[in-house]
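Trainee: If you want the building blocks of each chain, they are given just below.
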Amino acid sequence: MKYVDEFQDPDLAARLLDDIRAAVTRPWALMEVCGGQTHTIIRHGIDQLLPDEVELIHGPGCPVCVTPLEVIDKALEIASRPGVIFCSFGDMLRVPGTGRDLFQVRGAGGDVRVVYSPLDALRIARENPDREVVFFGIGFETTAPPNAMTVYQARKHDIRNFSLLVSHVRVPPAIEAVMQSPDCRVQGFLAAGHVCSVMGTREYPALAERYRVPIVVTGFEPLDILEGVRRTVRQLERGEHSVVNAYPRAVRDEGNPAARAMLDDVFEVTDRAWRGIGVIADSGWRLSERYRAYDAEHRFQVGDIATREPAECRSGEVLQGLLKPHECEAFGTTCTPRTPLGATMVSSEGACAAYFLYRRLDLPARPTAAAVPGPSLEDSTVG
Amino acid sequence: MLSWTCPAPLRDRPRVVMGHGGGGALSAELVEQIFLPALGGTARAALTDSAAVELGGARLAFSTDSFVVRPLFFPGGSIGDLAVNGTVNDLAMSGARPAYLSCGVILEEGVELDTVVEVAAAIGAAARTAGVRVVTGDTKVVEAGHGDGVYLNTAGIGLIPPGVDLRPERVVPGDVVIVSGAIGLHGVAILSERENLRFGTDIESDCAALGGLVEAMLAVTPDLHVLRDPTRGGLAASLNEIAVGSGTGIVVRERSVPVPPPVASACAMLGLDPMYVANEGKLVAFVPREHAEAVLAAMRGHERGAEAVIIGEVVEEHPGMVVARTALGGTRVVDMPLGEQLPRIC
Ligand code: SF4
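Chains P and C are the protein sequences, given in the same order. Residue 1 is where the first sequence starts when you use the working numbering, and the numbers rise one by one after that. Residue 1001 is where the second sequence starts when you use the working numbering, and the numbers rise one by one after that.
Hints were generated in silico from the structure; no laboratory data involved. It is possible that part of the hints are untrue.
Stated by the list, open to error - Here's a subset of chain P near chain C, in silico, CB distances under 7 Å, partners left out:
(1) P10
(2) L12
(3) A13
(4) R43
(5) Q48
(6) P51
(7) Y116
(8) R185
(9) P222
(10) L357
(11) Y358
(12) L361
Cβ coordinates follow ideal geometry from the N, Cα and C atoms, glycine included.
Just need the whole structure built from these sequences, with the hints factored in.
Mentor: Here you go:
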C-alpha cells in the first residue's frame, strides 16, 4: 500500500512530532487555511497527537461553506426552471439554501446532474442543444482555472446554451480579513498547497511582512501537515515570519503560468461575499466583460432573491477560527449532517462536519443526534 | 412560498431522494418509519438482508433484492451477476446454503434483445457458479423512458445448518473482526465505468458468490457470531449496523483495512472514503477470539478469502459506535453513512 505508506508513515510522523515537541516552548495558535487540511487533521487525529501548546485553528478555506446563501438560492432557482440542466459537483447538492437544497429540486423533477469535471458539463451542453446547461462554478484558485477553461471553450466552439454560475473566491484576501479581525488569535498560517500550485507564492510575502506572521505552504497528507506545523513553529520560536514552501513536490514559486493566464483571460477580480463572514474586498472572481454572455446570473435574471439564514448557525465564526464547531449550541442537537443548519455541517471539508463525523467521542458530552430530534416543520415555519 | 427559516430535516422531506436508496441511515429510516409500521412488524430482524424462518421443522433463510445498476455491464461483471450473487450472498450471510432463486425482470421498451440475451446468459452463468437454481421468474415491460433498460429482482431461499445462529445480538466484546479481502473495488469500478473516469489502472468489480467461503468458515466452527456482506454503504455501514445491533463498540485498525492502491487513489481524487464504498464479493465476520486464527486460516485457504485479514475487535467502550485507530495513532469515529457519498469539489 504505497499510497498509505508514503504520506502516512507512522515512524516518520513520530519523528516529526518529536521535532515539534522539542521545538515548542510556549503556546502557539496556527490556522490551517484549507478545509481539506482540516479534514486531514481531524480524520487522522493529528490535533490529538500534537503537543498541547500547539493549537490548530480551522480556517475559511472550504469552498462549499463560504459560497453565499444568495448564490445557492440562485442555483436552486435556476435549477428549478424547465429546460435547464443544472450541473454541479456532488457536494453542493446537500448544501441548504433558503428552505431547500439541490437534491430536493431534483426530487421535485429538476434536471440536476452531478459531474466530475466542468468539461463534462460542456459536453452535456453539446449533446443537448435545445436545453440550457448551467455549471455551478464555485471554489478557490484550484477549481477556477478548469472552470475558466469551460467558458473559454464554449466561446471558442460557439456553444451558446452553456453558462456558468460563478462564485469563485481567492485565498489571500481571506487571510488578510482573518488577520484584521480584532479577535484574531492566529500567529501563523499553513497555506493551502493546492492553491499555491496554481497561483504560486508571490502573493504571500507582503502578507507575512505586514502582519508579521509566518506562512508555510502545506500539503494535504498527514505528513505534509506535520511538516507544515514543524516549520511554522520553528519560525515562531525564533521570532521569524517568512514564507516557506514545505510542499515543493507540488508547488513552484511561480505557480502554474498557463492556469494563471487562463484565469486572467476569463475572469476579473471582484468583491465577494463569503457565507457567514460578509463581503471581502477583491476576494473573488467574476466573468470578465468579454465573457459576460456566459454568466448564468445575467442569462436567468435571478437578481431579486430573498434569503434567510438560520439565526442559530454560527458557521461564520467557525470559518474565521473564532469558535470551535462543538461550541455552537446547535452542534449535534438541531444541527447534524442529516439536519444541517449551515454549510459547514454539510461539506466534506466543513469543520462542523469533520467534528461531527470523526470527533464526537472526544468532545465534551452533549446530547447526540439520535436523542434530540431535528427541528420539525412547524417549529421552522415563519409567517 | 419559501417560508422556512432553516432547512427541513431530510427525514421530513416530502419526497423521496436518492439517499433513501443508498443503504445508509436514510434507507433504514424509510423502512423503519414507513414499511415496518405498515406491514405490522417492528422486529429489527426484518431489517437484515435475509430473514431466518422455520418451515416444517427446517430453518430457512429467505431474502430478496432488486438491482437497478447503471451501466448494465461493467468491468468484472454485469447486472446479471449482481442479481444472482447479491441474493446468494444475503442468504450466505445467515449461514445458509443458498439453494433456489426466483428472478423478476423489468425491461424498458426499446432495449435491444441482444442486451437481454447477454443479461440472461450472465444470470445463468452466475447461478451455475454459485451452485443455485433459478426455479421461477417473471417478465414485465415498461414504456420507453420509464426505466434504465433492465431492472432485475431476485429472491432466494437456502437451508441454515443446525447449530448456526448468526445475529448481531451474539457479538460480544473480545470478538475479532475479519474482512475477506480488498475493499472498495465494486464501487470504484462502477463509478469509473459510469462516469468515464480513468484512475491509471483498470479496476474490476469484485462481484462474486460467497456461499463456498461461508461453508469453509462454518466447517471450522458453527459458532461464528455474525457475517455481513458490505455492499451499499460499504464496510462502514456494515460495522455500524453490527455495533448498533449488538450494543457493543467496534475498534478498527485503519492500517489493517485492505485498500488496494488504485482504490485509494481514486477515492483520494474524488474525496470518497474507501470504508464507505460498495463491495459485491467481500464479507466481514465477527468471530469469537478463540476461533479467530483457525477461521482466518480457513478463509485464506479459499479463493474468495485468500487476502482475509483481521482488521479490529469488539470492545465494551463506546457502545453502538465504530472507531478507527488511524495510522498515526489518533482515533476517529467511523459513522453510519447518511445516503450516497458525494464526490467533493477539489
Ligand atoms: S454546528 Fe451547525 S449550526 Fe452550528 S455553526 Fe456548525 S453548521 Fe452552523
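Trainee: When the nearest CB of chain C is found for P222 of chain P, is that gap smaller than 7 Å?
Mentor: At 6 Å from the nearest chain C Cβ, P222 of chain P passes the 7 Å test, so the hint holds.
Trainee: Taking the least C-beta to C-beta distance, is Y358 of chain P closer than 7 Å to chain C?
Mentor: With a closest approach of 4 Å, the Y358 of chain P hint holds.
Trainee: Taking the closest Cβ pair, is R43 of chain P under 7 Å from chain C?
Mentor: holds, 6 Å
Trainee: Can we keep the L357 of chain P interface hint, with Cβ of chain C closer than 7 Å?
Mentor: This interface hint holds because 5 Å falls under the 7 Å limit.
Trainee: With a cut-off of 7 Å, does the beta carbon of Y116 of chain P approach a beta carbon of chain C closely enough for the hint to hold?
Mentor: holds, 5 Å
Trainee: A13 of chain P was flagged as interface toward chain C. Is the shortest Cβ-Cβ separation under 7 Å?
Mentor: holds, 5 Å
Trainee: Just to be careful: measuring from the Cβ of P10 of chain P to every Cβ in chain C, is the smallest value less than 7 Å?
Mentor: holds, 6 Å
Trainee: So, as I understand it, the hint says Q48 of chain P touches chain C; can you test that by seeing if any CB pair is closer than 7 Å?
Mentor: Holds - the Cβ of Q48 of chain P comes within 7 Å of chain C, reaching about 5 Å at its closest.
Trainee: Have a go at the L12 of chain P hint: is there a Cβ in chain C nearer than 7 Å to its own Cβ?
Mentor: Since chain C brings no Cβ nearer than about 10 Å to L12 of chain P, farther than 7 Å, the hint is violated.
Trainee: Hey, does the L361 of chain P contact hint survive, CB to chain C under 7 Å?
Mentor: Hint on L361 of chain P: holds, closest Cβ of chain C at ~6 Å, below 7 Å.
Trainee: Does the CB of R185 of chain P sit less than 7 Å away from some CB of chain C?
Mentor: Check failed: Cβ of R185 of chain P comes no nearer than 24 Å to chain C, outside 7 Å.
Trainee: Hold the hint about P51 of chain P up to the distance rule: shortest CB distance to chain C must be less than 7 Å.
Mentor: violated, 14 Å
Hints 2, 6 and 8, counting from the list given before, are not met by this structure.
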